[in-house]
Amino acid sequence: NAGVTQTPKFHILKIGQSMTLQCTQDMNHNYMYWYRQDPGMGLKLIYYSVGAGITDKGEVPNGYNVSRSTTEDFPLRLELAAPSQTSVYFCASSLHDPTGNTIYFGEGSWLTVV
Amino acid sequence: TQLLEQSPQFLSIQEGENLTVYCNSSSVFSSLQWYRQEPGEGPVLLVTVVTGGEVKKLKRLTFQFGDARKDSSLHITAAQPGDTGLYLCAGERGSQGNLIFGKGTKLSVKP
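Top to bottom, those sequences are chains H and C. Numbering-wise (the working numbering), the first sequence opens with residue 1 and increments by one. Numbering-wise (the working numbering), the second sequence opens with residue 1001 and increments by one.
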């Protein structure tokens, strides 16, 4: 039962470097999301996608980019990493239909920018 | 601007006690979800409430959605150490499935 899989689990990045957080889901969900969770601040939506080829900004998109070339994959790209991007990143997916919208989260990716 | 206010932020109780966590907003939500998150893991959905005034029970957990769909509460009866974790409420606005999360309530239940 894979569900939502994120890689890497932990990563240290230097200021100004770039990297991609990978996310894949095997539940054929149409919706996918990227959230970041800072200590004591809850989760904030970075980007989301309602289907392959469609992406949209969430609450805190600056410094990030996403793509959704397939239903399964939703990578998050960090360009020119900054210390403010040190956080825990969660990818999530859901089957958004008239019966409901249960969101399944991955286990998280801990990113430190130094 | 924090649209969803959760209280209390921290709660430490003894096994067997009851507790209530509150989630309040000035905004109306189409649905409200409660999640539980353990250290090193992602949030796991406990329940979704959709209708104003709705009450849902999950074993010792009782969830209520306010009549105006602006607030919600989670009540745990006879708390157990296994209930320890971070409880998050999240409101859904519109039809895109985007959730606005509260900051969470960190619950510790001591044996």
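It is possible that some hints are incorrect.
To be verified - The list that follows gives simulated cross-link-like pairs (lysine to aspartate or glutamate, EDC-like), each with its CA atoms no further than 16 Å apart:
#1 Lys1070/C with Glu1092/C
#2 Lys1059/C with Asp1083/C
#3 Lys1110/C with Asp1067/C
#4 Lys1070/C with Asp1083/C
#5 Lys9/H with Asp1071/C
#6 Lys1056/C with Glu1041/C
#7 Lys44/H with Glu59/H
#8 Lys44/H with Asp1067/C
#9 Lys1056/C with Asp1071/C
#10 Lys1070/C with Glu1005/C
#11 Lys1106/C with Glu59/H
#12 Lys1106/C with Glu1092/C
#13 Lys44/H with Glu1092/C
#14 Lys1103/C with Asp1067/C
#15 Lys1103/C with Asp38/H
No lab work stands behind these hints, which were simulated from the structure alone. Everything numeric in this text was worked out from a predicted model, so none of it was measured.
Hint check results:
| no. | hint | in the structure |
| --- | --- | --- |
| 1 | Lys1070/C with Glu1092/C | 11 Å, holds |
| 2 | Lys1059/C with Asp1083/C | 12 Å, holds |
| 3 | Lys1110/C with Asp1067/C | 34 Å, violated |
| 4 | Lys1070/C with Asp1083/C | 25 Å, violated |
| 5 | Lys9/H with Asp1071/C | 34 Å, violated |
| 6 | Lys1056/C with Glu1041/C | 25 Å, violated |
| 7 | Lys44/H with Glu59/H | 6 Å, holds |
| 8 | Lys44/H with Asp1067/C | 26 Å, violated |
| 9 | Lys1056/C with Asp1071/C | 14 Å, holds |
| 10 | Lys1070/C with Glu1005/C | 11 Å, holds |
| 11 | Lys1106/C with Glu59/H | 24 Å, violated |
| 12 | Lys1106/C with Glu1092/C | 22 Å, violated |
| 13 | Lys44/H with Glu1092/C | 13 Å, holds |
| 14 | Lys1103/C with Asp1067/C | 23 Å, violated |
| 15 | Lys1103/C with Asp38/H | 10 Å, holds |
In summary, the structure is inconsistent with hints 3, 4, 5, 6, 8, 11, 12, 14 from the numbered list given earlier, while agreeing with the others.
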